[in-house]
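J.: Listed here are the chains, written in short residue letters.
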Amino acid sequence: MTIPAELDQRFRDAADRAGLVDVAYDLAESPVGDLLVAVTERGLCRIAYRPDEAVDELAVDFGVRVLRIPRRVDRIRRELDEYFAGRRREFNLPLDWSLIQGFTRMVLDRTARIPYGKVATYGEVARDIGKPRASRAAGNALGANPIPIVVPCHRVIRSGGVLGNYGGGPERKVQLLELEGAG
Amino acid sequence: MMEAVVIPPFERFYAQHQDEVFGLLVRRLGRQRAEDAFQETFLRALRAYSALRHGEHLRAWVLTIARNVAVDAFRREQPTVELEEPVDLPRRPAYAELEHLTDDLPPTERAAVFLRYAYDLPYAAIAAALGSSEEAARQAASTGVRRLRKKEHA
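Residue numbers (my numbering), protein chains in the order written: chain A, 1 to 183; chain B, 1 to 154.
Derived from the structure by calculation, the hints contain no laboratory data. Given the structure is predicted, the values throughout are model-derived calculations rather than measurements. Backbone N, C-alpha and C define an ideal beta-carbon position, used for all residues, glycine too. Careful, some of the hints might be misleading.
Stretch by stretch, here's where chain B covers chain A in the computed footprint (C-beta under 8 Å, at least three residues) [to be verified]:
1) 4 to 15
2) 60 to 66
The calculated label-pair distances, taken between Cβ atoms and stated as ranges, are [what the hints assert, rightly or not]:
3) 139/B <-> 103/A: 50 to 60 Å
4) 94/A <-> 56/B: 35 to 45 Å
5) 53/B <-> 19/A: 20 to 30 Å
In isolation and in its complexed conformation, chain A is listed as follows:
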């Protein structure tokens, strides 16, 4: 027997209010496809281009009590909409960095400071964190970025104007850079 939509909604809200959820998520539509957007108590923890896989990954990373609770991601959805409409250049969202440490954290922190519409190379990012020979490792760290778009790993490219890889596929990297008018 199919459950009524209000009942489903009521359960999700009750679970959230009772503080029983490790990670809340929802899907957000965007010009680069449907995104999974997820938050913990600390803040935004995940944006994913492959929502279905990401639900399982969330359970492994943050705890099995993963539940879709649309209103928990309303603010993120709004900021993303504004960004894709060209009306927002910076995100103003608390992030959950709890699983990102060490070298990866340094790389992503540095990347987060690249301004809208600008790019840096893997080598520059590596140099700026004091590891000039680690540009390949920096590339790997960016490939594992759990919060793409908001932590703008699309702004890091190879030297010589080659774009290089992107977790969401190179075509999305082009799309985001074009949106920002970079180049």
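Assemble chain B onto chain A, guided by the hints.
T.: Okay, now just chain B, sitting in the frame of chain A:
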């Protein structure tokens, strides 16, 4: 060694079992009361979900929770009526013997023994199913086992 079945994200567990749970509750309690019982069932499951050690028998588990929530709802309305109805568990051939042995146990003890020894669920999850404390669930399972032993030696 067999790989343990991975515990699915709660969202998948909820999506998979919500219709069956709701159907069961509607049959036992009627449409109106089934709605509150539905919420209570999945909140109990969610409270104990992190304590699970494997992802097996989750359907049997959540149906047991639902049945006990229904029994509680029923008792609240007719506090003087003793419920005769046993907590029936889904039948699985592998546990046929245990099922047969536990037939005469009081419903709560039977459910506790089953969830513990046939389904290998942790006491936190059994407590959620029975709507009791972890200690009470442990007690029910051990009393049940003792009763079974006595029967065996009788």
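J.: All hints, please: hold or fail.
T.: Hint by hint, here is what the structure shows:
no.	hint	in the structure
1	4 to 15	holds (count 7)
2	60 to 66	holds (count 4)
3	139/B <-> 103/A: 50 to 60 Å	51 Å, holds
4	94/A <-> 56/B: 35 to 45 Å	37 Å, holds
5	53/B <-> 19/A: 20 to 30 Å	23 Å, holds
Against the hints set out earlier in the document, no violation occurs for any number.
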